[in-house]
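Residue numbers (this note's numbering), protein chains in the order written: chain A, 1 to 385; chain B, 1 to 407.
Think of the hints as simulated: they come from the structure by calculation, not from any bench. Among the clues, some could well be false.
[Said to hold, decoys possible] Cut-off 30 Å, straight-line C-alpha distance, at most; resulting in silico cross-link-like pairs (DSBU-like, lysine-lysine): (1) K218/A / K150/B; (2) K48/B / K243/A; (3) K48/B / K36/A; (4) K122/A / K161/A; (5) K83/A / K194/A; (6) K255/B / K243/A; (7) K148/B / K218/A; (8) K194/A / K115/A; (9) K83/A / K116/A; (10) K70/A / K116/A; (11) K70/A / K36/A; (12) K218/A / K255/B; (13) K218/A / K374/B; (14) K161/A / K115/A; (15) K194/A / K161/A; (16) K150/B / K374/B; (17) K212/B / K37/A; (18) K70/A / K115/A; (19) K255/B / K194/A; (20) K36/A / K255/B; (21) K36/A / K161/A; (22) K36/A / K116/A; (23) K118/A / K83/A; (24) K243/A / K218/A; (25) K60/A / K115/A; (26) K60/A / K70/A; (27) K37/A / K48/B; (28) K37/A / K218/A; (29) K48/B / K255/B; (30) K83/A / K37/A; (31) K36/A / K122/A.
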Amino acid sequence: MIFQKSFLTLTFTLFSFLPPISQSEDLSPWGNMSPKKIYLEAPSASLSYFPRPSYRPVWKFPESQSEEIKAFLLTILTPEEVKYLENSEVGIQQLEGEVRVYPTVSFIRQLSREKKRKIYQKLAQYRANPFHYQPVFLHADSVEEWFGNNRLPASSIALLKELAYPIGSSLAFSDVSAFLSISGSVAQEESYWKALSRNYSMIIELAVDEGTDLEALKNYWTIDGRLESATIIFETFTRDGGKTTFDINQMLPSIPRKYYNSFPTLRSGAAGTFPNGFWTSLNFFSFLPDPAFSDWTEVIPYLKKRYSPAEEPYRYGDLILFRSPSMDRPVHACVYLADDLVFTKNGISILEPWVIMHLPHVIDRFSVRELPEVQVWRRNPPSQQ
Amino acid sequence: MRSSLQKFPLILLSLILFGEIDLVLAQNANGSGESRVVVPGQNRDATKTFSGPWGTISFREAIIEAPEWAISDGRWLANWQEGTVWRFQGNIPQFRQVLETARFSLSEIGVLTNPPTLRNFGTHLEIYPPENILLNIPRQSRGYLYSKLKTKGERDLYEVPIQLAPGGVSRISNSKTSISPDIVDLITQLTYTRRTGILYISDLHYIAGKAKSDEERLRIAQFISREPTGTATLSLDIPQEERSNLLSYWSARGKNTTAETILSSSLENPEITSLDLSHILPSLPKRLLNTYANQHSSIGIRHPNCYATALSFFEDELSPQLVETLQPDISNRYSPASRPWQFGDLVVILSSSGQWLHTCNYIAGEILFTKNGKNPERPWVIQTMDDVFASYLREDSVTVAFFRLRE
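Use the sequences and the hints to build the structure in full.
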């Protein structure tokens, strides 16, 4: 409880203490980085484990009554729109312990963004609506940017543009049924399904030249020499001075280096649990991962033992913990690298790769139902481990 | 079985050393097979480019140095004050014979075979060579003499010398060092070769005595641990029609899913014109590249060796069963491979008697992924074929065989 209080303000101040992206590179303790974005799509084999939803969109309201849902919909939709839903092929269906609404694709398409946002906020409370509970995220200013020029046909891009809605600085998308329904063939449907698994990551090169303060840069990326392998690699590539570049990948500790830009396999869960953000962050400095760290209940006790609340300036290796205020528990963790970049695995799914992302985008991912509290922890020095 | 393997003898007929430059005369063995001249003492080009089914890969050399914690072969660091002691398992006439064959002068032989320089323990001789003699032994003579020094007791640096990286001091000192130029010169002076041209150093007790501090002695240990590695970058500036070939090569028939994921995505971004090899390697070598074995990757004092490394190339973790294997049985998992060699192929260097001297993995072009030796001060690196082969040219001729993991 004490630590909760000490972190309370961080939710609101996080972005103010993170150095702005436009900060002069020469002054940045992390040096001259050149991140380049890549898009990772889940392997087809992994996607095949996930059944695709039907073409017919359905909104599920567990533990509800139809009158209650109708009343809810009337707070957002016009009476005509609610009537339209009632009079559609299936109508508003009352099942045992659940109400289902079957909007048509054309109905969803004509809904305004604001109406959609309000309804989807409600649907996101229920795991029964998997793509509302955890939408597909498009971390880009536009749908076109996210999918590039040739990945999807123009008609699909147009539909996505209509149906995507903003969460923070990202676009979210929940109408997977509607999207798959416009595919023209099984092959195209599989291709669309794969396209929706897109995540982005970064390839980052670090450039040094005659003017670089190598000692300061080494201290940053090796955490004052505590990262032994990073120290060796940094010295190997900078010992002779001059202008050179090397990939940040090689500076990462063993576990993140191994998993960076890859997807978990079924083998990853052979021990009984799959890696998630907690597993990734708490094992960040380990050589042999502790599978227990996938369990959120392990997180706070471990942090209290090995980490301390961090103060700015935040630095490489700091653990960023997301807490749900309503559930009063951690919901995600990632590791700060530099600038606003973090190493993260967003969730336990095998469709979620280990990536380097902008922190605000990671926050968006965990803001579907509520804005998380963000806390920053730093690993204790060896003498206090 | 062996005759069906793709192999090429590394032939070395004669080796004459002139300073750091080696002259090697070689010819094709029996006029059959494929031969390659390997020159252990030769310095290499720092940058190379290889094109082929893998695309175009550029290799830029860097010199990696063991960290303090990885220096395990530092017995001399603990007892350097004992000074230089040669131990000879034999009598004085036999030792005299060795010195004569090594072309020591009569006066030098006189000094080295009489007290106080020599002490006869009955079971063996101990010789405490004067500085002027120690420093002025010609390289060939030093190599011959030191090959004759051994006792029944603990194996010392004369019996098990420290092997320097191919190219020797002139190569490893291309990269800055904090040890003094005088010490570097001394190491150069005391470097010697045996028959096949591999470069060794044994006189570390003497060199340590010339260092100014324990700190410098440690730096010397790190300096002689240096070996070449590098960065390799794959060009992604390729025509659309060649992309599937590139993906096919690096994904190794589905065994390297990492490559498939990262290459497909990187090829989408026109800003990414090249990709560091460390992104493309399977998860295990990706994790190990340019690192040293630590207590976590070792089993007690058993450290990962070349077999555990090479045979685990496509695996998730190093196989602990292979860590101490002297000659693993690969017959169930691998088949002899022929050209064109493929990503991840197992490369085995064999002695003339068929004993495995080393294994590593083929990457592309002339680049191999290797851990040269099981000592923790030997890192996992990428090196050129010439460098790896030169390190294991322990006989006049050794052979190299390629194997491929079965589907």
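**Report entry** Unmet hints by their number, sorted upward, for this structure
**Finding:** 1, 5, 6, 7, 11, 12, 17, 22, 30 and 31
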